[in-house]
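Could you build the full structure based on these sequences and the hints that come with them?
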Amino acid sequence: MNWVTTKRIFRAGFLDFWRNGFVSLSAILMMIFTLFIIGVSVFTGVILQTTLSEFRSQADMNVYFTVDAQEQRIVELKSSLEALPEVKSVEYLSREEALAAFRERHQNDQLTLQALDELEDNPLGAVLNVEAKDITQYGAIAQFLQGQQALQAGEPSVIDKINYFDEAHRAAIDRLTAITDSSKLIGFFIILVLVATTIAISLNTIRLAIYTSRDEISVMRLVGAGQFYIRAPFMVEGVLYGLIAGVITLVLFYPLTWWLGATTEDFFGGINIFSYYLSHFPLFFLLIVGTGVVLGAVASFLAVRRYLTI
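Residue numbers (our numbering): 4 to 313.
Treat the hints as calculated values from the structure; they're not laboratory data.
Hints are supplied without guarantee of correctness; some may be wrong.
[As the list claims (entries may be wrong)] The list that follows gives simulated cross-link-like pairs (lysine-lysine, DSBU-like), each with its CA atoms no further than 35 Å apart:
1) Lys10 - Lys91
2) Lys136 - Lys187
3) Lys164 - Lys136
4) Lys81 - Lys187
5) Lys136 - Lys81
6) Lys187 - Lys91
7) Lys81 - Lys91
8) Lys91 - Lys136
Okay, structure coming up:
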């Protein structure tokens, strides 16, 4: 196929697109709606997954020690914890570091800081921050620590208190995980329905274009035009639907994500959806515009095969 033939095919496709302006508009609007829902599904999945990851990252165990606990015993317990297969990491905070962290957390609470200053000695003990490899393993680590306390029978326990990620918190994360999985499944089925509807509308649009061009098609048959030359302009028309719809959808996402960016950053695990959109724009371009072009091409192909007899 030479360059002249290619130009004629594209010109014919553009002419058919403008000739059926109102019907073309309806096909584009339906594609925009479908592509918009696809994009929203991606954003929703990212937000939910980020929130879930944030909750998981906050799951830890804090082992608080008495103020008279010897550092050697704390370090020995730290080594024992690090040797457990369930433990990912253990962070040691000395009494001084624990006090500094407490002051930082309450820097705007003058009454608390004043009461702290009135005390002669540091009232806080050392702390071990324990992170498990999986949120289901904190119970086993807690049992290990309780066993260590039992082994010290007859001696004062150096452990004052153990706060850890319990079953109630794990149930909350399990519910959020279930919501995330359900939203993906529901979004998938909604997208399938919209894709089928979009293809049906685009198919009828191409069908109308074939009908309005029936005289031209008859003339091309008489002069011996090939099948590809007759069918290609309608394929171009379908691709145009998807290309235009994809670009418009990307433009719509810009102000929308900008408006929602600060809100998502404050309430959903610190992710700014506007920054995410900008940093991943090439991927969104491929997804949205690519899906639109594929939808238009598939609809055109089906319409040409079904309604254009050569």
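Now for the hints, and whether the structure bears them out:
Straight-line distance between C-alpha atoms of Lys10 and Lys91 comes to about 63 Å, which puts the hinted pair past the 35 Å bound. This hinted pair checks out: Lys136 and Lys187 have alpha carbons roughly 26 Å apart, not beyond 35 Å. Only pairs whose Cα atoms come within 35 Å are accepted, and Lys164 paired with Lys136 is accepted, the gap being roughly 22 Å. Between Lys81 and Lys187 the alpha-carbon distance is near 41 Å, which puts this suggested pair outside the 35 Å criterion.
Of the pairs offered as hints, the one joining Lys136 and Lys81 holds, with about 16 Å between alpha carbons and a cut-off of 35 Å not exceeded. Straight-line distance between C-alpha atoms of Lys187 and Lys91 comes to about 30 Å, which keeps the hinted pair within the 35 Å bound. A hinted pair counts as satisfied when its Cα atoms are at most 35 Å apart, and Lys81 with Lys91 qualifies at roughly 12 Å. For a cut-off of 35 Å, the pair hint linking Lys91 to Lys136 stands: about 5 Å separates their Cα positions.
Going down the numbered hints, you'll see the structure goes against 1, 4, while the others check out.
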